[in-house]
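Undergrad: Could you build all of it, start to finish, from the sequences and the hints given here?
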Amino acid sequence: MSNEGKAPQRATRAEVCVVAVAECFRGDGEILANPIGTIPMIGGRLARATFEPDLVMTDGEAALVRNDEAFEFPGGTVLEAYNPYRAMFDMVWSGKRHVIMSGSQLDAYGNHNFAAIGSDYGAPRVQLLGFRGAPGNTIQNTTSYWIPSHSRQVFVEHVDVVTGIGCDRAAELGAAARYFSLRRVVTNLCVMDFGGPAHRLRLVSLHPGVSLEDVVAATGFELALAEPVVASRPPDAHELRLIRDVIDPGGLREREVPETASA
Amino acid sequence: MRDKRCSEDDVVAEIASGMTIGIGGWGSRRKPMSLVRAIARSPVTGLTVVSYGGPDVGLLCATGKVRKVVSAFVSLDSIPLEPHYRAARQAGRVEEEPWDEGLLLLGLQAAAWRLPFLPSRVGLGSDLLRLNARLSTVRSPFDDGEELVAAPALELDVALCHLNVGDAGGNAAFLGPDLYFDDLFLRAARRRFVSVERVVPTAELLSVAQTEQRMRVNRTMVDGVVERAGGAHFTSCEPEYRRDEAFQQRYATSARTPDDWAAFRADWLDVSESDYQARRVALS
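Chains as they are written, first to last, in this note's numbering: chain A, 5 to 267; chain B, 1083 to 1366.
Calculated directly from the structure, the hints in this document are not laboratory data. Please note: incorrect hints may appear among the correct ones.
Taking CB as the label site, the calculated pair distances span [stated by the list, open to error]:
(1) Glu76(A) x Tyr1323(B): 15 to 25 angstroms
(2) Ile40(A) x Gly1128(B): 49 to 59 angstroms
(3) Ala1173(B) x Phe55(A): 29 to 39 angstroms
According to the in silico footprint, chain A covers these stretches of chain B (three or more CB under 8 angstroms from chain A) [unchecked claim]:
(4) 1155 to 1162
(5) 1165 to 1176
(6) 1201 to 1214
(7) 1252 to 1261
(8) 1268 to 1279
Virtual Cβ for every residue (Gly too), placed ideally from N, Cα, C.
TA: Written out as structure tokens, the structure reads:
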């Protein structure tokens, strides 16, 4: 169903999140946009289909593809290049990449954990993903985070294990961390960057229907505030049409951030 | 050219308790599952398993074969957390030596090239250096003097991989989207075994592979070849078959209770490989 020619419909929270993810890639130019997860993938595709046309993106497997669709390719894929895992590390280590990762814990400096919960790594209370590529991603290319459920379980004073390095640890490393670049954290409630004192997390914008109190209550440390904190940008009519009709016609975004649970 | 064809049991006979084994594939993709099942049925214990981990690691943990896992993750891809691995880790039954995905590549590459280590910036500042006792740092001898992480060579006693097609001498090709790091696992190991969907005469390898660029395993890298159609089941082996998601779900839910696991084990592990293959075909 096309929305072209009609007054813009109200965007869902998930669609606001998609735009917030897309905005992470603004200015990146000709690099690999590698957003991992449902809403990140849609956001990356949206950025490329609108204001960042030079971005390169994967099909989720071993190819770089030109398609605007995020998940299903009914007309097939338009291959730009072969990109197996080995080539992915070449992209990471040469710095031609901006990754968006998920996270189970983040502290105020952006130290990241998705390996395990608990103080004993030998027998963790909860075994999670492992270190995956987080140490390499954070020290070798630009990194942002997508947190679909903003809570005090995620935003903690201290992470149990540092898988991806934060701004304080990067500062201690000095020149060795010269390619470190933490860009943004997008959640189901808001957008944050690292513009706070000593590069701490700072609230930049609130999604429609979310109050400052909501975010503070869901964050386990003192959050710096941009001056002013603004409203997250909703998609315009063109972006909304792209999201709904082209990039994610199956509506997977609404499963990740359901309208009822977050509104 | 020697004929290196053998059975899963022949391969397992070369694996002793306490060995370090490397397993190719990635997550729940193109894993040598018939070889993994054969190990699971064997009396071997105390293995160190190096893997871009999937159900290979989970199954060996669930059957008590593993002392230590050397990996950056253990995942079923469509089910992000491997439930059998989780259970073993949370009970403290299995040690994990954590690696970054890319550092693991360097460790295998160092072993393949017979170097003590390869340098990288990966790991600096993270808890990898705290939690992985084998990782160390090294200073660049050049003007930059930069301190780098040294990824130690991951030398393997045995490597196990599953490829799409091979010949009797151990030449083999992948036909799916990605070789992953199978070539490095094979080059990093003292004894190397591949299972393949089918063995063809050498003269037919190129026509099956369609391009020589898929013919990435040569016979100097292989000591034994097991012909096993469906050998990667229930992981994917494209283009022959996709991941068997329904079966994987069955495997995952078997981690819920000891009874569930006992039932899965009786149906799908304590049976011969040919019975396994016949049953899973009947099921689908």
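Undergrad: Determine for every hint whether it applies to the structure shown.
TA: Consistency of the hints with the structure:
1. Under the hint 15 to 25 angstroms, the C-beta atoms of Glu76(A) and Tyr1323(B), about 20 angstroms apart, fit the expected range.
2. Checked against the hint of 49 to 59 angstroms, the pair Ile40(A) and Gly1128(B) fails, with Cβ atoms roughly 35 angstroms apart.
3. Between Ala1173(B) and Phe55(A) the C-beta distance comes to about 50 angstroms, which lies outside the given range of 29 to 39 angstroms.
4. Coverage of a stretch by a chain is defined here by at least three residues with a beta carbon nearer than 8 angstroms to that chain's beta carbons; for the region 1155 to 1162 of chain B and chain A the count is 4, and the condition holds.
5. Residue count for the region 1165 to 1176 of chain B with a Cβ under 8 angstroms from a Cβ of chain A: 6. That meets the three needed, and the coverage hint holds.
6. With 10 residues bearing a CB less than 8 angstroms from a CB of chain A, the region 1201 to 1214 of chain B meets the requirement of three and the coverage assertion stands.
7. Chain A is given as covering the region 1252 to 1261 of chain B, and this holds because 3 residues of the stretch bring a CB closer than 8 angstroms to a CB of that chain, at least three being needed.
8. A stretch counts as covered by a chain when three or more of its residues have a beta carbon under 8 angstroms from one of that chain; for the region 1268 to 1279 of chain B and chain A the count is 0, and the coverage is violated.
The structure is inconsistent with the numbered hints 2, 3, 8, although it conforms to all the rest.
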